[in-house]
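Undergrad: Residues per chain, in single letters:
Protein chains: 4
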Amino acid sequence: MDLKLDAAAVQALIRDGLVAAGRGGLVVEEVRVNYARICLPFEDGMLRPGRVISGPTLFTAADSAMYALVLAHLGPALMAVTSDMNLRFLAKARPGDVIGEAIFLKLGRRLAVMEARLSSRAEPDRIVAHATGSYALPIASDHA
Amino acid sequence: MDLKLDAAAVQALIRDGLVAAGRGGLVVEEVRVNYARICLPFEDGMLRPGRVISGPTLFTAADSAMYALVLAHLGPALMAVTSDMNLRFLAKARPGDVIGEAIFLKLGRRLAVMEARLSSRAEPDRIVAHATGSYALPIASDHA
Amino acid sequence: MDLKLDAAAVQALIRDGLVAAGRGGLVVEEVRVNYARICLPFEDGMLRPGRVISGPTLFTAADSAMYALVLAHLGPALMAVTSDMNLRFLAKARPGDVIGEAIFLKLGRRLAVMEARLSSRAEPDRIVAHATGSYALPIASDHA
Amino acid sequence: MDLKLDAAAVQALIRDGLVAAGRGGLVVEEVRVNYARICLPFEDGMLRPGRVISGPTLFTAADSAMYALVLAHLGPALMAVTSDMNLRFLAKARPGDVIGEAIFLKLGRRLAVMEARLSSRAEPDRIVAHATGSYALPIASDHA
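Residue numbers (full-length UniProt numbering), protein chains in the order written: chain D, 1 to 144; chain E, 1 to 144; chain R, 1 to 144; chain F, 1 to 144.
Here chain D stands alone, though its shape is the one from the complex (with noise of 0.2 Å):
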């Protein structure tokens, strides 16, 4: 397993492809083998009542670092598209920076199954969501 694209390359394909996370400033921080690190920069939007981080938020974070691991890996394979996400919500997230970090539970010719692991910049330690998902791929046969 290596590396197709770097993190700044991985921001880029996904800012430009996703209106709603060009919109709030996605940065990935981080990737290397079977590890991508995503932030979304904390806005008041993020919030629902209790001010705590929202369901909606959350997934989107986990989804964004799947995408950001599976672009990292695979180059600029746009058609990849998530299958399905499992989300674990665990403990109350506190406004701050949402960060999502993804590996791999497996990369298959034509499935990667993914876990992702969520938490607030404002309580680093604290994973408040956990995630699995799993994103089909494009293979070269479909496009033969």
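If you are wondering where the hints come from, they were derived from the structure by calculation, not from laboratory data.
Watch out, some of these pointers could steer you wrong.
[What the hints assert, rightly or not] Derived SDA-like pairs: lysine to any residue, alpha-carbon spacing no greater than 20 Å straight-line:
hint, chain 1, residue 1, chain 2, residue 2
1, R, Lys4, R, Val81
2, F, Lys92, D, Leu111
3, D, Lys92, E, Met79
4, F, Lys92, F, Leu137
5, R, Lys106, E, Pro138
6, D, Lys92, E, Val81
7, R, Lys106, E, Val81
8, R, Lys106, D, Val81
9, D, Lys92, E, Pro138
10, R, Lys92, F, Leu137
11, E, Lys106, F, Val81
12, E, Lys106, R, Ile127
13, D, Lys92, F, Val81
14, D, Lys4, D, Gly75
15, R, Lys106, E, Arg32
16, R, Lys106, E, Glu101
17, E, Lys92, R, Lys92
[Stated by the list, open to error] These stretches of chain R come out as covered by chain E in the derived footprint (C-beta under 8 Å, 3 or more residues):
hint, stretch
18, 86-95
19, 99-113
20, 120-132
Beta carbons: idealized from backbone N, C-alpha and C, even for Gly.
Go by the hints and put chains E, R and F onto chain D.
TA: Frame of chain D, contents of chains E, R and F only:
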């Protein structure tokens, strides 16, 4: 099983509470015993590359429909929190108002388990994503 | 969507293949377009403490019903493999034959996504567990 | 977080309770703070076509490892019940003793959320399946 709140009351509670949902003008279209339907009016920020409805938007629709269902049956149980969400993306969702319909799989004392089907009004008969999720419910004994 | 195999043919394929299922005498009760129902005849080994049907038994029923659905629609695609399974346990299942009913959420070229409802014949109208799962499908180009 | 029971005590509780597990001779190999490892000794009934470990066997290993983790930390909480299980199958598992290792993602008052990794002793460094699951915990107020 019977209802504690009607659609207008549920909508008022959700809009008051959720910055993000309030901004988008979430509509609670219908609540009845064991059913809730919400609508997220279309806006460009919902799209991802290829002009399809994004994953976070579908997550929001699933979560909002489930929350509306819980509110309608339990009253203003604002302490109900999403415990987990499993989302399966089935088809590309064309630009349009996003519809979420939720039913109970189980309404227990401590946990509500729900199922949601998501679609776009651009293609109303096509389920574009399916979700199951659980909410932890506040219980009397917790506050005793 | 139409059928490639009837219930008897599906049952023969599953029984031939699965040591565990064969032992328990799994019955494919019905297959039709977008529907399969299997029965695991009751035996004491299915019980866990409290005399309720065990989790592994319900998993087996969900997986068998989904596999029967795939076989009925795709023919003897013995290479189809479970990619993931999400099971929610809703109620205690009393001792009795275990019934699994599966439908498609999506039948794609590469992935079949299905939903299954599990019940016990001791209390036929009560859904005791709900499952969604996906199967990776063998594709022509894989064998080219 | 500390332990209420050691591996031998956990094993005795599980074997007493579970007909199916008792039959297969489940071994609780290790429990320590935030970790439990169980072993299902290999037997032919675990195999599915292609001579790989079956899905129900991997489900059993995940569920048993999580249950052992809960028992070790909470004592003989035999009323703890699996609420949901999400299993991802990553690789073919060759015939061999099946190992399940579980950790907590969250140990709350009402819900324990856990992660498990499954492998076969035939190929110990290969994770063949990954699971996350939640258990509903009995609470004092339920028995008041």
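Undergrad: Take the hints in turn and mark each one as holding or not.
TA: Status of each hint after checking the structure:
1. R:Lys4 / R:Val81: holds (18 Å)
2. F:Lys92 / D:Leu111: holds (15 Å)
3. D:Lys92 / E:Met79: Holds, because 12 Å separates the two Cα atoms, which is no more than 20 Å.
4. F:Lys92 / F:Leu137: Violated - the C-alpha atoms of Leu137 (chain F) and Lys92 (chain F) are around 33 Å apart, more than 20 Å.
5. R:Lys106 / E:Pro138: Violated. Lys106 (chain R) to Pro138 (chain E) sits at ~35 Å, over the 20 Å cutoff.
6. D:Lys92 / E:Val81: holds (10 Å)
7. R:Lys106 / E:Val81: At roughly 29 Å apart (the allowed maximum being 20 Å), Val81 (chain E) and Lys106 (chain R) break the hint.
8. R:Lys106 / D:Val81: Measuring from Cα to Cα gives roughly 15 Å; hence the hint holds.
9. D:Lys92 / E:Pro138: Cα-Cα ~15 Å, so holds.
10. R:Lys92 / F:Leu137: This hinted pair holds, its Cα atoms lying about 15 Å apart.
11. E:Lys106 / F:Val81: Given pair Lys106 (chain E), Val81 (chain F) holds - Cα atoms ~15 Å apart, limit 20 Å.
12. E:Lys106 / R:Ile127: At roughly 9 Å apart (the allowed maximum being 20 Å), Ile127 (chain R) and Lys106 (chain E) satisfy the hint.
13. D:Lys92 / F:Val81: Distance of about 24 Å is beyond 20 Å: violated.
14. D:Lys4 / D:Gly75: With a Cα-Cα distance of about 5 Å, the restraint between Lys4 (chain D) and Gly75 (chain D) holds, given a limit of 20 Å.
15. R:Lys106 / E:Arg32: At roughly 28 Å apart (the allowed maximum being 20 Å), Arg32 (chain E) and Lys106 (chain R) break the hint.
16. R:Lys106 / E:Glu101: holds (18 Å)
17. E:Lys92 / R:Lys92: violated (37 Å)
18. 86-95: holds (count 4)
19. 99-113: Our answer is that it holds, as 3 residues pass the Cβ test (under 8 Å) against chain E, meeting three.
20. 120-132: Held - the stretch 120-132 of chain R has 3 residues with a Cβ nearer than 8 Å to chain E, which meets the minimum of three.
In this structure, the hints that do not hold are numbers 4, 5, 7, 13, 15 and 17, in rising order.
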